[in-house]
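Chemist: Sequence:
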Amino acid sequence: MHTCYIQIGDHIVFVTTAEQLIIDWLHQHFKVIKADDWDDCLPDIYVRIRNGFGREAESYKVDIHEEDEKVYYEREDYLMEIDHDYRRGLLRVHNELALKHALMAIYSAYIVHYQWGLMIHSSCVAEAGESYLFAGQSGAGKSTVALLSRPRVILSDEATLVRIGEDGVFAYDSPFRSDSSSSFEQACLPLKGIYLLEQSQQIITDIIKPTEAVLRLMDKIFYWAVNPTETVKVLSMCRQLAEQVPSYKLYFQKNDLFWECIS
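In my numbering, the protein residues as written are 1 to 263.
You can trust all of the hints, since none of them are fake.
BS3-like, lysine-lysine: derived pairs with alpha carbons at most 30 Å apart:
# : residue 1 : residue 2
1 : K31       : K100
2 : K209      : K249
3 : K192      : K233
4 : K192      : K31
5 : K220      : K233
6 : K61       : K31
7 : K61       : K220
Bear in mind the hints are in silico, worked out from the structure with no lab data behind them.
Keep in mind it's a predicted model, so treat the numbers as computed, not measured.
Model the full structure from these sequences, guided by the hints.
Modeler: Dropping the structure here:
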């Protein structure tokens, strides 16, 4: 049996698996805690991972049900069995994509349950000690914004980890990426602004009210509804996010001139 500790956001995940290929994949895509530092690690989440489940997914539809104090998430290419406190889970996966999405699901459920924050379908870029989040419908340009923002540090190009608390809102270096990679050396940064992307021939920003921001952000949160109690937590944190961080519509062309309009 192989083991490793990985860090996601502020949290430590202890992984056990019989598959060396899974350990190798984790080392490629996550911040892995060195073995010399394991004595100082107190895991927040314990995960067992097994290979060989299901088939390649034709759809990303996830079926969820609760039974015997456990929550089950099932997709064509993965099956997760998670304790009700979201701290222990068994993940059966078909391939690397299934493993990535299963880890996203359990981590999103964990941070919602403990009201730490949200995982948002977006890109996020560091600039001058602060961070800026860019969200939009599919094809709006989230990945393009990340690409055009280099050499700035890319905190995410797919799923931004956002901590929401009384001390402020912070974006973290995300391991859940599509086209970019990370050395995981960047500390979390205060989130300065949320930009909702609209392609245009002109580059303009329009501030929007928090109530509108909530409506526009809710469908961009990586969250699979388990029960009404957990969904209320998502809505509450989304409102808190919109009240603490200003949101804008960003009409932009696919070039880096949009940074001139970022406040």
